[in-house]
Amino acid sequence: MRKMHKILSVAMATAMTMSLVACGGSADNDADVTDKEETTEETGSEETGSEETGSEETGSEETGSSEEVTDMKVAMVTDYGDITDMSFNQTTYEACKAYCDENGVEFSYFKPADNSTDDRVSSIEQAIDEGYNVIVMPGYAFAEAVVETAEDNPDVKFVALDVSQYDFDTANGGEEYS
0 MRKMHKILSV
10 AMATAMTMSL
20 VACGGSADND
30 ADVTDKEETT
40 EETGSEETGS
50 EETGSEETGS
60 EETGSSEEVT
70 DMKVAMVTDY
80 GDITDMSFNQ
90 TTYEACKAYC
100 DENGVEFSYF
110 KPADNSTDDR
120 VSSIEQAIDE
130 GYNVIVMPGY
140 AFAEAVVETA
150 EDNPDVKFVA
160 LDVSQYDFDT
170 ANGGEEYS
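Going by numbering that gives the first Met the number 0, the sequence shown opens with residue 0, and the numbers climb by one from there.
Bear in mind the hints are in silico, worked out from the structure with no lab data behind them.
Check each hint, because a few of them may be wrong.
[As the list claims (entries may be wrong)] Using 35 Å as the maximum straight-line C-alpha spacing, the simulated DSBU-like pairs for lysine-lysine come out as follows:
{"hint": "1", "residue 1": "Lys72", "residue 2": "Lys110"}
{"hint": "2", "residue 1": "Lys110", "residue 2": "Lys156"}
{"hint": "3", "residue 1": "Lys110", "residue 2": "Lys96"}
{"hint": "4", "residue 1": "Lys156", "residue 2": "Lys96"}
{"hint": "5", "residue 1": "Lys72", "residue 2": "Lys96"}
{"hint": "6", "residue 1": "Lys156", "residue 2": "Lys72"}
[Said to hold, decoys possible] Distance windows between CB atoms, simulated:
{"hint": "7", "residue 1": "Asp117", "residue 2": "Gln89", "range": "20 to 30 Å"}
{"hint": "8", "residue 1": "Ser115", "residue 2": "Asn171", "range": "10 to 20 Å"}
{"hint": "9", "residue 1": "Lys156", "residue 2": "Gln89", "range": "37 to 47 Å"}
{"hint": "10", "residue 1": "Asp100", "residue 2": "Glu175", "range": "35 to 45 Å"}
{"hint": "11", "residue 1": "Glu174", "residue 2": "Asp100", "range": "17 to 27 Å"}
{"hint": "12", "residue 1": "Glu101", "residue 2": "Glu175", "range": "31 to 41 Å"}
{"hint": "13", "residue 1": "Asp168", "residue 2": "Glu101", "range": "30 to 40 Å"}
{"hint": "14", "residue 1": "Gly172", "residue 2": "Met85", "range": "34 to 44 Å"}
{"hint": "15", "residue 1": "Gly173", "residue 2": "Asp117", "range": "30 to 40 Å"}
{"hint": "16", "residue 1": "Glu175", "residue 2": "Pro153", "range": "15 to 25 Å"}
Think of the CB as a built atom: it goes at the ideal place given N, C-alpha and C, for glycine as much as any other residue.
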């Protein structure tokens with residue numbers, strides 16, 4: 000049963016991250032395509048990795064969705080593994096990075112110091128304090144952290160992979176969480 004849950008979790012995460020990548024669109028059809036291959040790396044604390052993709056503005060022909068994408072700053076918060084675990088964290092990291100590289104979106108990841116809700120909340124708050132407005136979290140262990148941080152951060156988008164309504168309700172003291 001546990002193995003099946005893990006397989007389904009990875010399959011769902013892969014499907015969700017692929018849809019995130021697919022929804023990003025492409026600027027290849029614009030006459031003013033920018034060169035998005037220039038990247039610079041920044042490093043924050045020992046617990047973070049950051050990559051920023053450079054791009055220049057393409058003028059007034061940009062669509063609203065492209066504008067919205069460039070306003071995004073995406074942060075991934077790992078669970079108790081890291082981005083080389085050959086599992087959920089690595090898949091999520093690689094999908095987020097691919098999407099951000101393709102769309103010129105700043106991306107960083109944060110690894111909690113310990114496997115606890117307090118440390119997950121701390122990493123989420125650190126990302127928000129650094130200006131990240133899309134937080135991607137792989138795993139049901141983030142339900143309580145989302146319940147604790149989302150209400151205080153209405154302008155931040157929380158993407159919680161493999162978290163069910165039941166997980167949120169349980170994290171919310173058994174009351175329905177919406």
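So, going through the hints one by one against the coordinates:
Between Lys72 and Lys110, the direct Cα distance comes to roughly 17 Å. Compliance with the 35 Å bound is thereby established for this hinted pair. Taking the CA atoms of Lys110 and Lys156, the gap is near 19 Å; set against the 35 Å cutoff, the hint holds. Proposed proximity of Lys110 and Lys96 is supported: the alpha carbons are some 15 Å apart, at most 35 Å. Simply put, Lys156 and Lys96 have alpha-carbon atoms about 17 Å apart, close enough for the 35 Å limit, and the pair holds.
Note on Lys72 and Lys96: the hinted pairing holds, with a Cα-Cα distance of about 11 Å set against a maximum of 35 Å. Between the alpha carbons of Lys156 and Lys72 the distance comes to roughly 10 Å, so the proposed pair stays at or under 35 Å and holds. For Asp117 and Gln89, the hinted distance range of 20 to 30 Å is satisfied, since their beta carbons lie about 24 Å from each other. The given range of 10 to 20 Å is respected by Ser115 and Asn171, whose C-beta atoms sit roughly 18 Å from each other.
At about 22 Å, the beta-carbon gap between Lys156 and Gln89 misses the expected band of 37 to 47 Å. As the Cβ distance of Asp100 to Glu175 is approximately 38 Å, the hint placing it in 35 to 45 Å holds. The supplied range of 17 to 27 Å is broken by Glu174 and Asp100, whose beta-carbon atoms lie about 40 Å from each other. Distance hint check: the CB atoms of Glu101 and Glu175 are about 37 Å apart, consistent with the given range 31 to 41 Å.
Our hint of 30 to 40 Å for Asp168 and Glu101 holds, since their Cβ atoms are close to 35 Å apart. Judged by the Cβ atoms, the range 34 to 44 Å given for Gly172 and Met85 holds: they are separated by roughly 35 Å. For the pair Gly173 and Asp117, the beta carbons lie near 21 Å from each other, so the given range of 30 to 40 Å is not met. The hint said 15 to 25 Å for the Cβ distance between Glu175 and Pro153, and at roughly 19 Å that hint holds.
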